[in-house]
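Chain residues, written in single-letter form:
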Amino acid sequence: MDKPKTVKVLKFHPEKCDGGLLCEKACSKVHFKSDEGGDKSAIRIIKDGNSYKMHVCDQRGLCLDMCPVGALKRKKNGIVWLDKEICIGCQACVGFCPIGAMRKSDARIEPFKCISCGACVRACPNGALELVEVKIDRIKEVVYHNLGAE
Amino acid sequence: MVEGQIPVEEYDTGNTKHKWDLKKIKQAHRVVSEYSYKKGKVEKGYANRTLYINLRTKEIKEKKVTEKMKDIFTGGRGFGLKLLWDSIKPTTRWDSDENELVITTGPLCGTTQYPGSGKSLCLTVSPSTNIICDSNVGGFFGPYLKFAGFDALEIQGKAKHDVLIIIDGEKGKIIVETAPLEEKDTHLLSEQLTNMYASEDIDKSRQKVSVVTSGKGAENSYWGCLNFSFYDIRRKVPRVKQAGRGGLGTVLRNKNVKAIVTKVERVSGISNNPADPVTLAKIGTKLHREVRDLDRYQCNMRAVGTAHLVEIMNEYDLLPTENYRFGSFPKASKIYSPKFYKYFTKIIPDGCWHGCTMACAKTVDGFTVITGPYKGQKVTVDGPEYETVGCGANMSIWDPLWILEFNFYCDTYGLDTISTGTAIAFYMEMYEYGILNKERCDGLELCFGNSYASLEFLHRIASGHKGEFVQVASKGIRRVKDWLINNGWGDIKLIEDCGMESKGLEYSEYVTKESLAMQGGYGLTLKGPQHDEAWLIFMDMVNNAIPTFKDKAEALHYFPMWRTWFGLNGLCKLPWNDIEPADNAETDDPTKVPEHVQNYVDYQSAMTGNKITKKDLILQSERCYNWQRAMNVWMGRGRRKDDWIPYRSMGPVTEMEYISRKDRYDKYLAEKIGLSEKKIEKMNVKEKMKILYDFRQDQYQKLADAVYFRRGWTPNGVPTPQKMKQLGIDDPKMLEFLKETIEKDDKACLNVWGGKYSKGEEPPSIQPKYWEKW
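Top to bottom, those sequences are chains P and C. Mapped onto the working numbering, the consecutive letters of the first sequence carry residue numbers 77 to 226. Mapped onto the working numbering, the consecutive letters of the second sequence carry residue numbers 494 to 1267.
Any given hint could be a false lead.
Straight-line Cα separation of at most 30 Å, DSS-like style, residue types lysine-lysine; simulated pairs [said to hold, decoys possible]:
# : chain 1 : residue 1 : chain 2 : residue 2
1 : C       : Lys1134   : C       : Lys959
2 : C       : Lys1179   : P       : Lys149
3 : P       : Lys152    : C       : Lys1134
Reference excerpt, derived from the structure (chain C facing chain P, CB under 7 Å, subset only) [stated by the list, open to error]:
#  : residue
4  : Thr559
5  : Met562
6  : Thr605
7  : Ile726
8  : Val760
9  : Gly762
10 : Asn766
11 : Ala768
12 : Arg782
13 : His847
14 : Thr850
By construction, these hints were calculated from the structure, which means they are not laboratory data. Note that beta-carbon positions come from the ideal geometry of N, C-alpha and C, so glycine has one too.
Can you make the complete structure from the sequences, with help from the hints?
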């Protein structure tokens, strides 16, 4: 199988964001068929002084090596995908994500994450979000199993 | 850095591949008995029924779990004790028809969110001790047993021929069938059965099967372990964890059970149907993060598992070398954890149950076997864990590859590495003294460090060698002591003092000579000398935090109760204190890890929906702990005389040991016994050893006095009916039996303190029959 070489990740333009959170609502629609946003959204927009920050998965894939049942894999298009039919809800990926982008909602035991579907990009009236292509080799990260403190 | 993010399908261990005609093997099976059951739902951690199988009468039935059973026994090991109490007699021995092998789960077993939640607790009347032995083990079997519909499995009676027991949670069927053609050794048998019973020929299906096996070694020794499988979708082998202590595998094979297979239809994060899954996920995630951030600065479990202890134990003079004569050794650095890290496969989720991010279950893949029937094959070796490496040190084997070889064969032959290693170490010491020799060992040169001879010993056990030495030596240290003494070979006291067994069970791998509390941690135990009840060496010896008998007794009450709790719930103890919150040292009681204890309060509450406190956890344990001790008494081995420990665990048996730590012992004679320096200088080693011997024996008896009193027992170590009633136990048979026993002890003048109390010293109570006033 040819391994994917690139992946689309979200890029945020804070200067264009008005904090309307339509992106979050669109995202929770994708994952939970609900327009609540917030805890049910894989992308989070956080107020940061006078500006905004985006918090979302960057597809580095450290979680891939955490999954005991192989529910996490890199799809052909390069994104890290959680198959919730296989997932046994252990939260290892949630606990080990270095940026807290693997999310868990109270609505179900299986976590969820950004799949670079672009729903949020399309939902933003201001063009504050875009999907950009990056090389997987440059972002890829491996879970530590080193002996001793680094 | 080793490459990560390898797709699961592309992993390759490089192991030797096996091809079997599984169809033909399966066709040879004949159904012995069959039972269909209605599949149920697990509610708040309980399946609410247990499964009973009698292999002699062919009866298979379900037993209901009552609310009272949950209240008194909680689950897991507690359920096991209750089921055994209802089924065995005081005269039941390991090979009696009515003896049972019980495998239990516990209400928290099978949770995926909190690390260390997949343990099974196995109980039986042990061939080594003739009392109940409980042994906890990872792997998928326990969770699957529960998800298939049962909180526990009882196997009674013996089958006529080798059989398999299949618990099919997919179809709701229990089948017992003959299995004449399967392999016997674990690494082959578990692979055959996993492939045979997987619903489809894919890894996902194989991961839904778990197998309990033992091996040829278990058939011919008293050290049989149970191997619980967990299929690894990356390595593509069923890996195994061991219920090692007490000969449970020997009982399995004595019942002619080749294996127990369980399979489930589906596993999800809420298969236990917890009362509050949101809270469960929160406390679980909190612990995952602690492990992520702190493990590499604390225990390095994720990198090397429990093997990280080797260097620490050697540093503190606690690593048993040459049969516990010494606690450290110049060659020890050859088997420090970095030497094994080199061989371990990395970047794989190594939990023995889903969601355990502590991931201490390390393996060496593609290991080339050095000796025996599998010589030259490449295999996956599960481990080694600290205890197994410690056995290497104890046998004076300082080569990681030989320790791996020992580990592999013990596992696949179904032998407990601890009992086997400790026993061989004793035989080696006897060999050094000439009490054993080449002739008496059927030609084996069992001297310290002889790895070939050790492995040859294992191969002879597995092949059913008829030589007298193998026949006796494979039954353990206690039997060998009797054999040596009956033959008039060697000094009786030397033999008794050197052989590291108590209650008939071999010691695990820690040197306890300088920690009185830990001597109690091994001796004042239920099943025998195993460190799972208490590990107090640092608290006692290094930090001197429990100086008085009362302090030590409190620790020997709290910690055994606390550690018992894990076994009632189907949990692993390691995530309690092998990872600690960053601010743990600043809490009021760091040794208890208060934040984690609170986690467990929240965890059990979230599962069962019952609001509980920290005190309730200890109460749950106290009921079962006292019940088990009472059962020991009932079976004739639960009193002061049975808590005897060999002097090797208390102090120097030989002059060499004294001289090797002369400064330490001379200082002890001066500071603890109050001898003047002048006097010490004038004495020879033998005289000094005698004084030390008498003093430490008396200290141990005084410790037992304090502990019995704290636990609510008589001075002879019998739980009192008054204490049992306080704990809410009202079983009339039990209470009446205890009352009678105490009266008998009284008539025989056995209700007296064991220590010699001089002026200024007081026993725990001066009231005779103090318990009657409770």
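Item to complete: Compare the structure with the hints numbered earlier in the document and write down the numbers of the violated ones, lowest to highest.
Response: 1, 2, 3, 4, 5, 10 and 11
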